[in-house]
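K.L.:
The primary structure of each chain is shown beneath.
Protein chains: 2
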Amino acid sequence: MRMVDVIEKKRNGGVLSKEEIHYFVEGYTEGTIPDYQASALMMAVYFRGMTAEETGTLTEAMVQSGDVIDLSSIHGHKVDKHSTGGVGDKISFITGPLVAAAGVPVAKMSGRGLGHTGGTIDKLESIAGFNVEMSKEAFTASVNEHKLAVAGQTGNLAPADKKLYSLRDVTATVDSIPLIAGSIMSKKLASGADSIVLDVKTGSGAFMKSLEDSRALAEEMVRIGDHVGRETLAVISDMNQPLGHEIGNANEIREAAAVLSGENIPDLRKLSLELAVHMTLQAGAYSSEEEARRDLEASLDDGRAFQAFRTFVQAQGGDVSMIDDLSLLPRADHEIAIPAEHAGWVQEIDAASVGTAAMYLGAGRATKDDEIDHGVGITLKKKIGDYVEAGETLAVLTAASAAHPDAEEKLRGAYTIGASRQDVPELIHDIIRA
Amino acid sequence: MRMVDVIEKKRNGGVLSKEEIHYFVEGYTEGTIPDYQASALMMAVYFRGMTAEETGTLTEAMVQSGDVIDLSSIHGHKVDKHSTGGVGDKISFITGPLVAAAGVPVAKMSGRGLGHTGGTIDKLESIAGFNVEMSKEAFTASVNEHKLAVAGQTGNLAPADKKLYSLRDVTATVDSIPLIAGSIMSKKLASGADSIVLDVKTGSGAFMKSLEDSRALAEEMVRIGDHVGRETLAVISDMNQPLGHEIGNANEIREAAAVLSGENIPDLRKLSLELAVHMTLQAGAYSSEEEARRDLEASLDDGRAFQAFRTFVQAQGGDVSMIDDLSLLPRADHEIAIPAEHAGWVQEIDAASVGTAAMYLGAGRATKDDEIDHGVGITLKKKIGDYVEAGETLAVLTAASAAHPDAEEKLRGAYTIGASRQDVPELIHDIIRA
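Protein sequences, first through last, are from chains A and B. Residue numbering for the first sequence is 0 to 433, as defined by numbering that gives the first Met the number 0. Residue numbering for the second sequence is 0 to 433, as defined by numbering that gives the first Met the number 0.
Same shape as in the complex, but just chain A (with noise of 0.2 Å):
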């Protein structure tokens, strides 16, 4: 077989066999493929786009490239969840309690990673004394006992979908859907989960801005779940602003914790529930749905899942009295207040310059040895929707100096104050399944 016949056939439109396809990925993988004929291939890829099956086969062949986490020592059905990216997204600390409580057990391997916040195990990391450090019976015990435990992510997942996706972004093909969908699903399905759920955003603020792109996305991955026998279901979710109020890391956690105490901020409630209610119904932990939701409901009211996120803080080591009295979460000791320059009503939130602003701050890594600033972020005071008055406060950063010119501005670009009442966007705007 020679990989410059397996590019032609693709740029002239044909289905890659299986055979091709493995070939591809090993050998891009070992590295007797090289770049340049793989960046060839993504960019056929992306004119040509791939069948069920080719996205299917893809995404075994990357799975395969490396380790496969093995969860068969957890009892019970494992679900993982994953979120195409959103900004002030901490949904997973909600979910992740909630499922638990509900005794479906929630194996979670994360990573740090770049972006406008750390990521999960930066922002547990807000809560003193918090290790993901373990050894793979010390988390399978942990689970097992508490439904509930995250770990840095060991092991090689994926490495073919890694140097793939490296290659994809500095070639322009990362904006091929059956490749999007391949690089997530590859990453899903190597760290062992029974089924997934999956958090497609869409909007402005989400990777697939229309409405469209992200319904094709989330079929082809739910597609790819069924290809390999692993259930998945898909929620559609807006992101045409940043959910909830609080953006950086020991602010999301503390806006998670207060969900989890039963407090109603709506999208972040809604949409947790949401989810919580497709991985319980997966892992067969309710007979119907509205059962599901009831109790989901109850159990954020009634202080179950509020006991489950303290449960699992205090058996990796955290500071559980930073969870009783979230004041004394890290916070930076400026607060910059940022006033509406005229009245009118909220219409639109950029929420990537939100993100970009408390990555200004030191809430993110833009290289991977920046050190996160725990303490700094933003809270949202007004949304989509809201009315303001003139010099009434829009947000306010909570920062290390009195000042931050850069994240400031950013912030204030962010926001676009209209004179017409606006609607709030719909929250949950489908459902894909199999």
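None of these hints come from the bench; they were simulated from the model. Some hints could be false.
Note that identical chains are pooled: a pair holds if it fits in a single copy or bridges any two copies.
For lysine-lysine, the following DSS-like pairs were computed, each having C-alpha atoms within a straight-line distance of at most 27 Å [what the hints assert, rightly or not]: (1) K381 x K367; (2) K269 x K367; (3) K382 x K135; (4) K8 x K162; (5) K161 x K8; (6) K367 x K162; (7) K208 x K8; (8) K382 x K367; (9) K208 x K161; (10) K380 x K367; (11) K161 x K380; (12) K162 x K17; (13) K135 x K380; (14) K381 x K135; (15) K161 x K17; (16) K381 x K8; (17) K382 x K162; (18) K367 x K161.
Mind docking chain B on chain A? Use the hints.
P.N.:
Frame of chain A, contents of chain B only:
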């Protein structure tokens, strides 16, 4: 400027600016832009095409990436002729002397290269003593005195094209008409001629199989010439079977010399005259096409063209006795006849198979280090439209051994004999002007 943005622009169907194209060509030549970005761009160009303006700019940038030959010390209007390549194509050996005899200078720099037969220089070296190594001054003096000289190619012409072509070859991005046109024209323009006549082949034995594609390629090349202010005309000629009857090195010199002596080998004489008419008209040697055609025909018939060839061979140290008596040209010892298996009309002669058979005999190089045997080759006794009896000779191999099974089999397979009468294909399909 970032290369990933250039790729994305083209991928999205945008038109690249002069600056973007130069940034790419210069960066790629220097090595600051890696192969994997270049191949992604080439694939995007494959799908999106390029405007005449973009193709012209790409070509100019590739010309500027290396040396440009300065022919200004040669008196008169210098015309170059280029063929897109076919089997049995010895037209240059006829048009060169024919045009020189009309007083138009032909300053040809040529290479050896890989292929079914040797390159121009290898073929000329069939003549004992023929020497292409000469200083720039000697070359100029020779063209000024005899109107025709062929030198070995020196200088680094269009290195960007060389590098890019090698990459396209292994990334399935060769078949793009603007890229093919730019590649050919960059080398021609770097060669310094004042105007260019292109012989674009079409048919089963050509790079472009369909007349439509051949016409598109011809139009693109003529447009590039126009873009850079170099008059360019293309003749679209047939390559559904080899040109003439001889394939090889000495074989082709022998057949060209015969045409120069007035022998009427119809396709060779007709195509050579057509190309020479346009070359001499570009140089202003005649006042009308009719006058050019009449005088050039006379030149073949009254010995002027042959005399120009003889003078040229002598000036470059070649043994003219071999030209005066063509039987003195090298000829391998063995003749192997290929008989027809059954009676019928010749329907097709697959030029690529004939070329491969010639290469098997040793007429061409498969790798750079192969030695060429000037005396081996193929003589086609029957061409498309001829009737053949069972057992009658279709073609003769001149070989270094009494049997050559692989070449014999290849040549036998090149012929298709059928029961119905077959028309001789049209030789000249079209003329493309700016």
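K.L.:
State for each hint whether it applies.
P.N.:
How the hints compare with the structure:
Taking the closest pair of Cα atoms, K381 and K367 never come within 27 Å of each other, the shortest separation being 33 Å inside a single copy and 72 Å across copies. Proximity of K269 to K367 under the C-alpha cut-off of 27 Å is found in neither arrangement, the shortest distances being 34 Å within a copy and 70 Å between copies. Neither within a single protomer nor between protomers do K382 and K135 lie at most 27 Å apart by alpha-carbon distance, with minima of 42 Å and 77 Å respectively. With identical chains, the CA atoms of K8 and K162 are at most 27 Å apart both within one copy (23 Å) and between copies (24 Å).
Within a single copy, K161 and K8 get their C-alpha atoms as close as 25 Å, and across copies as close as 25 Å, so both meet the 27 Å cut-off. For the identical chains of this complex, K367 and K162 are intra-copy neighbours only, at 17 Å inside a copy versus 35 Å across copies, given an alpha-carbon limit of 27 Å. Proximity of K208 and K8 under a CA criterion of 27 Å is satisfied inter-copy only: 19 Å between copies versus 31 Å inside one chain copy. Within a single copy, K382 and K367 get their C-alpha atoms no closer than 32 Å, and across copies no closer than 70 Å, so neither meets the 27 Å cut-off.
With identical chains, the CA atoms of K208 and K161 are at most 27 Å apart within one copy only, with a shortest distance of 24 Å there and 41 Å across copies. Taking the shortest Cα distances, K380 and K367 never come within 27 Å of each other, neither inside one copy (31 Å) nor across copies (73 Å). In the homo-oligomer, the alpha carbons of K161 and K380 never lie at most 27 Å apart, since the shortest distance is 38 Å inside one protomer and 60 Å across protomers. Proximity of K162 and K17 under a CA criterion of 27 Å is satisfied intra-copy only: 20 Å inside one chain copy versus 33 Å between copies.
Proximity of K135 and K380 under a CA criterion of 27 Å is satisfied in neither setting, with 42 Å inside one chain copy and 79 Å between copies. For the identical chains of this complex, K381 and K135 are neighbours neither inside a copy (44 Å) nor across copies (78 Å), given an alpha-carbon limit of 27 Å. Taking identical chains as interchangeable, the C-alpha atoms of K161 and K17 lie at most 27 Å apart only when both belong to the same chain, with a minimum of 21 Å there against 35 Å between chains. Within a single copy, K381 and K8 get their C-alpha atoms no closer than 53 Å, and across copies no closer than 37 Å, so neither meets the 27 Å cut-off.
In the homo-oligomer, the alpha carbons of K382 and K162 never lie at most 27 Å apart, since the shortest distance is 39 Å inside one protomer and 55 Å across protomers. Proximity of K367 and K161 under a CA criterion of 27 Å is satisfied intra-copy only: 16 Å inside one chain copy versus 39 Å between copies.
This entry does not satisfy hints 1, 2, 3, 8, 10, 11, 13, 14, 16 and 17, going by the numbered hints stated previously.
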